[in-house]
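Put chain H on the given structure of chain Y with help from the hints.
In order, the protein sequences belong to chains Y and H. Be aware that the first sequence starts at 3, since it is given in the working numbering, and climbs by one per residue. Be aware that the second sequence starts at 137, since it is given in the working numbering, and climbs by one per residue.
Rather than coming from a laboratory, the hints here were simulated on the basis of the structure. Note that the coordinates shown come from a computational prediction; the quantities given were computed from them, not determined experimentally. For every residue, glycine included, the Cβ atom is placed at its ideal position computed from N, Cα and C. Some clues are possibly wrong.
[What the hints assert, rightly or not] Listed next, with one range per pair, are the computed distances between beta-carbon atoms:
1) H:F172 <-> Y:S141: 35 to 43 Å
2) H:D527 <-> Y:F59: 50 to 58 Å
3) H:G268 <-> Y:L152: 51 to 59 Å
4) Y:S127 <-> H:P543: 50 to 58 Å
5) Y:S107 <-> H:Q405: 24 to 32 Å
6) H:M257 <-> Y:N306: 54 to 62 Å
7) H:R185 <-> Y:V37: 35 to 43 Å
8) Y:N153 <-> H:P320: 26 to 34 Å
9) H:D573 <-> Y:G149: 41 to 49 Å
10) H:E609 <-> Y:L152: 42 to 50 Å
11) Y:N153 <-> H:P543: 52 to 60 Å
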Amino acid sequence: MLGRTASSLFWMSRYHERAMNTAKLLEVAYRTAIVAHGGQDSEDDWRFALLCAGCAFGYQEKIGDVSPKGVISYMVFDKENPSSVRVCLETARNNARAVRTSITSELWEAINTTWIEFMDTSPQSITRDRLPEFLSWISQRSHLFRGALLNTLLRDDGYFFSQLGNFVERADNTARVLNTQYWVLLPDNDVIGDGSMDRYQWTGILRALSGHRSYRFAYPDAKLTAFNIAEFLILRREMPRSLAHCYEWISGSANDLGLFYGEKLPSLTMADQISDDLANTEMQDIYHNGLHDFLNDFIIQNNNFAGQLSKDYNFA
Amino acid sequence: MSGERTFFNEMLDDAGNSRPAYAKLDSWLASKPPNFLKKKNREAETIFRRLGITFAVYGSSQATERLIPFDPIPRILSASEWRRLSAGIDQRVRALNAFLHDIYHRQEIIRAGRIPADLIMQNEAFLPEMVGFTPARKVYAHIIGTDLVRVGEDDFYVLEDNTRTPSGVSYMMENRETMMRMFPELFELHRVAPVEHYPDSLRQTLESVGPDQSKSNQTVVVLTPGIYNSAYFEHAFLADSMGVELVEGRDLFVDEGKVFMRTTRKPKQVDVIYRRIDDAFLDPLTFQPESMLGVPGLFDAYRAGNVTICNAPGTGIADDKAIYAYVPDIIEFYTGQKPILKNVPTWNCSRPDDLAYVLDNLEDIVVKEVHGSGGYGMLIGPTASKKEIADFRKVLESNPSNYIAQPTLALSACPTHVASGVAPRHVDLRPYVLIGDQVRITPGGLTRVALKKGSLVVNSSQGGGTKDTWVLED
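Next comes chain Y alone, as it looks inside the complex:
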């Protein structure tokens, strides 16, 4: 397989995952604004979405004042924002187009149809009341993409690269969402205050990571506590967006890749290391050493892994 093909498959998956994550963050902002403030706009809810997606600086430069309309337009339709849904879908499709011969027609049709329908949507038509429906359409298209990928792609090197892209992006997103409001996840918050403000923030974080329902099954008493939420999203392997889950998958794919090529390259060792660390860590240790530092370190390690991977396999 060409190094460029490996790279395109990796980024195709990464950008599709990112499109869904961006949509999810907006959904949470929209919902929190309505629920927590009874329809009164709170800049903070929308700013949270900008911060998690790493869009705050770009937004400040280009648009300035935080408003629902501005955030929606910037995060969904803006051609210059590298994390906007539009740019993610376009980049994912361009990568898919570049490797049209390495993916199945089912997968291509899923990607291409999403792009065509997205482009048929005029930004003016997505007013605030139509936003939830549109965002959920984006999520569904993302699930369709992933379903087509899992159901039809041959389990060879191309598949492994696509998995690595998917979960590197997801791990990055989870770590960023947690890091954006890490202080509401500090255990002190479990005892101080009446917690009503925290509750909205906790729910927001869980929703942004599609975990607000499954949390209740993972913790049978269903009580929201900072400790449990942090543990759920970082260390619980059964949670499909937790860091531990992402790295379990990454090290699995990296090992499959090593077997496929009959050669253990440095990126594979890195993946195993990160995965083992997460498996052997307790939430108390993370708190003890500092949650913020832990998340910062993780984001860097995750990045380094992706960099090493692209070196090992000659991504163009």
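This is chain H only, laid out in the frame that chain Y set:
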């Protein structure tokens, strides 16, 4: 010349009866309800768009990817018509390859006085770098798309021999696929010669010209300029259906005179490159230094006999519009036979007499740029306005040697789906020919149709569409 021109109707004779090859189609069409084709057409469009069968239009910023309109009524050729056509094409492509070998070696045809030396040596399409080099099997143009038009029952003309990188073959394949999906019953009524083996034939052709024929596995790649090229879909389609890698220039590198591709593991040597980029961009060390599309050192590896490039660099001289007028001589010179297919009479505007005639008759003739393509920069006298003719006259006078002219041919017409139902529209035909260990011609080819009433311009960039083309088996 004004008003309605007469033209050959491929389906109906002068009495309005359907010709034998079209008889079944004609009555089948008549049996369908009025909106039937409209509905089917929409179906086809949805399929094409979903599959991403698009082409790029230069100079249109909002719609960089567009669909070529597809006409659901097939164009039909009888077995005997096809036999004659394919014999003529076979003769022509062999002669053109012999011509290419000759002008890059001993230039017998110039010595014999059959073609002026200047026309070759001063031609931009002549590549001095190719002189003295002999590609595998002496084949230069491996893939040719011969543009034909029909003006009467047995009257076919060759308009152009596309010997560089002819495109459109993926439409031939997809049109057939779509027709079989939409109208299976029509295929039960007819015995249509298949086209689906084209990718296999292409791969066999390419493998047969690998530089080292003792190798049992030839590594073939398709070289594309990338996803923004107008024919990218086709490049991907061909690589996919042949089962070979689709590479860009940056995926290849030259080491010790050999070409390799960068893979996720060790570099892999490449034997045959089916390139879909122009000569000038192939190798920045030999040709355009600023090109980012090519592979530095590729041409040296080629000349060292370590890789085959298809088509060979320098084949453009064989389809140069100034050389075109000499093709009948070329055929006679190399085959000793009379040409089976006719050439369109051509005025070379670089000759004063020809230019004078052309300027006097601009209303009646077609003028084309020598190096133009895609229907850009041309004048079709009979359909042009007075102002267009006057404007073109100035351009032509300022640079006559850049133009050739031909009489306006009354292109034949085929039944075509239009807003008001079914009506005749003008068509041309591009069969695809492969030349390697043997000459392989896929029955049929791509029919392009001018969808506007009376229009003679079939180019997709100018609003033309395509049709599935059937060759009936005896």
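Hints, verified against the model:
no.	hint	in the structure
1	H:F172 <-> Y:S141: 35 to 43 Å	holds (39 Å)
2	H:D527 <-> Y:F59: 50 to 58 Å	holds (53 Å)
3	H:G268 <-> Y:L152: 51 to 59 Å	holds (56 Å)
4	Y:S127 <-> H:P543: 50 to 58 Å	holds (53 Å)
5	Y:S107 <-> H:Q405: 24 to 32 Å	holds (30 Å)
6	H:M257 <-> Y:N306: 54 to 62 Å	holds (59 Å)
7	H:R185 <-> Y:V37: 35 to 43 Å	holds (40 Å)
8	Y:N153 <-> H:P320: 26 to 34 Å	holds (28 Å)
9	H:D573 <-> Y:G149: 41 to 49 Å	holds (45 Å)
10	H:E609 <-> Y:L152: 42 to 50 Å	holds (44 Å)
11	Y:N153 <-> H:P543: 52 to 60 Å	holds (58 Å)
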